[in-house]
Amino acid sequence: MSPDILKAFFRMGVFVAGTSGLLLFLVKRDSAEFVITVLSLCVGLTLLGLVSLVIWYTNNHG
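By my numbering, the letter at position 10 of the sequence shown is numbered 10, and the numbering carries on one by one without gaps.
It cannot be assumed that every hint is accurate.
Simulated crosslink set (SDA-like; lysine to any residue; CA at most 20 Å straight-line) [unchecked claim]:
1. K7 x T19
2. K7 x V38
3. K28 x L50
4. K28 x H61
5. K28 x G18
6. K7 x I55
7. K28 x A17
8. K28 x W56
9. K7 x L50
10. K28 x V38
11. K7 x T58
12. K7 x G49
13. K7 x L48
14. K7 x V54
15. K28 x S40
16. K7 x Y57
17. K7 x T46
18. K28 x L39
19. K7 x L41
20. K7 x G18
21. K7 x S52
22. K7 x V43
23. K28 x L41
24. K7 x N59
No wet-lab data here; the hints were simulated from the structure.
Owing to the predicted nature of the structure, the values given are computational and were not obtained by experimental measurement.
Could you build the full structure based on these sequences and the hints that come with them?
Structure representation (structure tokens):
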């Protein structure tokens with residue numbers, strides 16, 4: 001996989017996780033927005049984890 005594509009996905013993951021991490025402190029805990037913020041944080045962290053796993057795998061087995 002191209003390193004530029006992995007960089008782009010990593011940057012997207014950082015943006016999504018960072019933005020939703022900051023919004024956790026601004027949104028009321030008993031609202032629907034809080035649930036969406038937590039879910040988007042999970043998506044961002046999952047994306048970061050998957051990109052890191054692909055990078056680790058290609059460096060060790062490539």
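For each hint, the structure was consulted:
| no. | hint | verdict |
| --- | --- | --- |
| 1 | K7 x T19 | holds, 18 Å |
| 2 | K7 x V38 | violated, 24 Å |
| 3 | K28 x L50 | violated, 30 Å |
| 4 | K28 x H61 | violated, 46 Å |
| 5 | K28 x G18 | holds, 18 Å |
| 6 | K7 x I55 | holds, 10 Å |
| 7 | K28 x A17 | holds, 18 Å |
| 8 | K28 x W56 | violated, 38 Å |
| 9 | K7 x L50 | holds, 12 Å |
| 10 | K28 x V38 | holds, 12 Å |
| 11 | K7 x T58 | holds, 14 Å |
| 12 | K7 x G49 | holds, 13 Å |
| 13 | K7 x L48 | holds, 10 Å |
| 14 | K7 x V54 | holds, 12 Å |
| 15 | K28 x S40 | holds, 16 Å |
| 16 | K7 x Y57 | holds, 15 Å |
| 17 | K7 x T46 | holds, 15 Å |
| 18 | K28 x L39 | holds, 15 Å |
| 19 | K7 x L41 | holds, 19 Å |
| 20 | K7 x G18 | holds, 16 Å |
| 21 | K7 x S52 | holds, 10 Å |
| 22 | K7 x V43 | holds, 17 Å |
| 23 | K28 x L41 | holds, 16 Å |
| 24 | K7 x N59 | holds, 15 Å |
Violated hints, listed in ascending order, are 2, 3, 4, 8; each of the other numbered hints is respected by the structure.
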